[in-house]
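> Produce the entire structure from the sequences given, and follow the hints as far as they go.
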Amino acid sequence: MTTSRIGDPARTAPPQWRDRKRHLWLFGLVPPTAVLLATGLVWLFNQLGWHHAAPVWWWIGPLLVYVLLPILDRFFGPDGQNPPDEVMEQLENDRYYRWCVYAYIPFQLLSLVFACYLWSAADLSWLGVDGGLSLVSKIGLAFSIGTMGGVGINTAHELGHKKDELERWLSKITLAQTFYGHFYIEHNRGHHVRVATPEDPASSRFGESFWTFLPRSVWGSLRSSWSLEKTRLQRMGKRPWTIHNDVLNAWLMSVVLWGALAAIFGPGVLPFLVLQAVYGFSLLETVNYLEHYGLLRQRTAAGRYERCTPEHSWNSDHIVTNIFLYHLQRHSDHHANPTRRYQTLRSMDGAPNLPSGYASMITVAYFPPVWRRVMDKRVLAHYGGDITRVNIQPRKRDRVFAKYGVA
Numbered sequence: 001m002t003t004s005r006i007g008d009p010a011r012t013a014p015p016q017w018r019d020r021k022r023h024l025w026l027f028g029l030v031p032p033t034a035v036l037l038a039t040g041l042v043w044l045f046n047q048l049g050w051h052h053a054a055p056v057w058w059w060i061g062p063l064l065v066y067v068l069l070p071i072l073d074r075f076f077g078p079d080g081q082n083p084p085d086e087v088m089e090q091l092e093n094d095r096y097y098r099w100c101v102y103a104y105i106p107f108q109l110l111s112l113v114f115a116c117y118l119w120s121a122a123d124l125s126w127l128g129v130d131g132g133l134s135l136v137s138k139i140g141l142a143f144s145i146g147t148m149g150g151v152g153i154n155t156a157h158e159l160g161h162k163k164d165e166l167e168r169w170l171s172k173i174t175l176a177q178t179f180y181g182h183f184y185i186e187h188n189r190g191h192h193v194r195v196a197t198p199e200d201p202a203s204s205r206f207g208e209s210f211w212t213f214l215p216r217s218v219w220g221s222l223r224s225s226w227s228l229e230k231t232r233l234q235r236m237g238k239r240p241w242t243i244h245n246d247v248l249n250a251w252l253m254s255v256v257l258w259g260a261l262a263a264i265f266g267p268g269v270l271p272f273l274v275l276q277a278v279y280g281f282s283l284l285e286t287v288n289y290l291e292h293y294g295l296l297r298q299r300t301a302a303g304r305y306e307r308c309t310p311e312h313s314w315n316s317d318h319i320v321t322n323i324f325l326y327h328l329q330r331h332s333d334h335h336a337n338p339t340r341r342y343q344t345l346r347s348m349d350g351a352p353n354l355p356s357g358y359a360s361m362i363t364v365a366y367f368p369p370v371w372r373r374v375m376d377k378r379v380l381a382h383y384g385g386d387i388t389r390v391n392i393q394p395r396k397r398d399r400v401f402a403k404y405g406v407a
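Residue numbers (UniProt numbering): 1 to 407.
Wrong hints could be hidden among the right ones.
Claimed, not checked - Below, a list of computed lysine-lysine pairs in the DSS-like style, where the Cα atoms sit at most 30 Å apart:
1) 21 - 163
2) 238 - 163
3) 163 - 138
4) 162 - 230
5) 162 - 21
6) 138 - 230
7) 138 - 162
8) 238 - 162
Bear in mind the hints are in silico, worked out from the structure with no lab data behind them.
And the structure:
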């Protein structure tokens, strides 16, 4: 028998790593349940006699994105925790994290159906509302459901990168609300190949405002997804106009969903569906605008673009928005390891960082002069002051070069 001697250093096992965000991921269900919560708050405010304040809650989605999340990001700050190598496999295979994502979808569909009822109902007296919703309340409802749809595109993004066939179909189902099913094709096979190059419609350029980027990314991504699927099918000896075209079958899901809702609640819900979809995918495109602004992969001696590295994505480690977006802000690791599940994504050395979380930067992106004042100097600093290494808006190239003293 061996005994410890007095004065021997204590022999203790190293502390086991714990994901302190494990249960916080359930807050990812706030966006798909926000309209249900808003309905309860409208009822409560009307019961209390606060009739003028009650309709504000129909705007709960924009309030969440533009007000609450930026405040919480500011208060709680960066995360600072990365999973160590020894827990990566266990963490990756923990199915709890998958179910946190899967749970988004039924709540999303439930809220969408319920919102169609609220939009179309002529008598909402049970809510304390006189008649149906006012026009302002309807617009707020559409934007709130659009917020759910925009975050839902991110949920679809998490699922669509996986190899499991079920998860890929769940990705398409999640995209049906916003009629953005082609994202499933373009993002995986287009954006991840061409990211941070002038050829990528979803990589914003130095000097390009969000309002210029938005139509370029929307239409460019649409054309790219169709071209990618057409090429794939041609290699199989098939024409593009087939149910096997993943762009068409994803859009068909939207047609079926919207058609069913119009059949149940009447064609009057179609303006609502269009409005929420446009707002939803515009949120996605705003995030696209943030993620690679001005960043450029350089050409190698062989004439090809260098491999995508951590320096080609803007990141943020602000914990609150990361919880709501499944670590999307750890974007460099995502591009380095596209199939890696959200719970194992890490903040990476060498990655440029935004001054705040995505939620705060979305509002900044809407105002081009403010955006340029905040971000242009950061892009230039990232490249050591060498403006020639930056992805510049082509029609502004001469002006930008002149401004920074390049002949």
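> Take the hints in turn and mark each one as holding or not.
Quick rundown of the hints versus the structure:
no., hint, in the structure
1, 21 - 163, "holds, 25 Å"
2, 238 - 163, "holds, 24 Å"
3, 163 - 138, "violated, 39 Å"
4, 162 - 230, "holds, 22 Å"
5, 162 - 21, "holds, 22 Å"
6, 138 - 230, "violated, 39 Å"
7, 138 - 162, "violated, 36 Å"
8, 238 - 162, "holds, 25 Å"
Of the numbered hints given earlier, the model fails hints 3, 6, 7; all others are met.
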